[in-house]
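Number of protein chains: 2
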Amino acid sequence: MDSGEQGETSKAPLNKGVSRGVSILDLILRVIAVISTLASAIAMGTTNETLPLFTPFIQFKARYSDLPALTFFVVANSIVSAYLILSLPLSIAHIIRSGAKYSRLVLIIFDAAMLALVTAASSAATAIVYLAHKGNVRANWLAICQQLDSFCERTSGSLVGSFGAMVLLILLILLSAMALARR
Amino acid sequence: MDSGEQGETSKAPLNKGVSRGVSILDLILRVIAVISTLASAIAMGTTNETLPLFTPFIQFKARYSDLPALTFFVVANSIVSAYLILSLPLSIAHIIRSGAKYSRLVLIIFDAAMLALVTAASSAATAIVYLAHKGNVRANWLAICQQLDSFCERTSGSLVGSFGAMVLLILLILLSAMALARR
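Chains A and B, in that order, are what the protein sequence lines are. The numbering of the first sequence is this note's numbering, which starts it at 1 and goes up by one. The numbering of the second sequence is this note's numbering, which starts it at 1 and goes up by one.
Among the hints, a few may not be true.
When chains are identical, the list treats them as one kind, so a pair holds in a single copy or across two.
To be verified - Heads up, simulated PhoX-like pairs for lysine-lysine below, C-alpha to C-alpha not over 25 Å straight-line: (1) 61 <-> 16; (2) 134 <-> 16; (3) 61 <-> 101; (4) 61 <-> 134; (5) 134 <-> 101; (6) 16 <-> 101.
Hint data in this document are derived by calculation from the structure and do not stem from the laboratory.
Assemble the whole structure, with the sequences as input and the hints as a guide.
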């Protein structure tokens, strides 16, 4: 694995081509991550199900805003999606100027922070959605998914995009680190 | 900000000193992260509270294993802690050989994965502990912390170490990336 450390100057054109490839892959992964976080936020944000007779005295309408963890999920996915859109110009700049150093460092640190944010959001939402599906006998929390069938399906589905974005952000950090190491 | 890109060869001794400083800081942060994840896992894992008459027919004993999210918290913090201990020799090697490239790349990708793991664990546990404290009126989940006072305090407290480790791992990724960029 250490063979790449010798003769770096003689392989400059090849290295540059690979760096450009890495930068293009970075851009593609970023676009996919934008789509998946945006889809997650929209899918969760637009979920609602009205149950006319859930309790005898109120009309029950289930929305994401009823559960704080799902609200956090929508907000966090929107933030990550906005950040990823803002990072696209920088990613395009890296294709043109593949030796950039400080801008890649900036991307790595923000990508890591956004990785933490999107992971926190998807895992808090997962904990709550899991509870909605299964309930918890010891804590006496009942599963609410028998009543709220389509609500539970939509919320479960919208987790997928967020977990996808998590994996993509780990890959993006790896790509940026590889680009830094290749210089 | 781009001024560092010129005259890199002439500043080699200074750069090496800074790189060594970065590597030492990396080691210190790793040790702190080991302690905080280990403390979190132990604090959560040893929590239990017995309520003799919570319900009239069973003796209620609250443990972390009653809630899947808290079990995940203990497991994930143990894994991250074990990984961080295993990464210490590599971190020490970086102090001696500050120009290392591939081993830093390996550390960055594993640090990013462990960041995702510890964030997922702490945020899922936070969602459940928050629910235990506040309950949720819409889903008809009652707050269980009135009865389980010391259980709730211990579990809330053990979240701190995990969130600390999250911040430390973001800093570790930044330090590794900086070391790669400085080479």
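Review point. Which numbered hints are broken by the structure, listed smallest first?
Key: Violated hints: 1, 2, 3, 5; rest satisfied.
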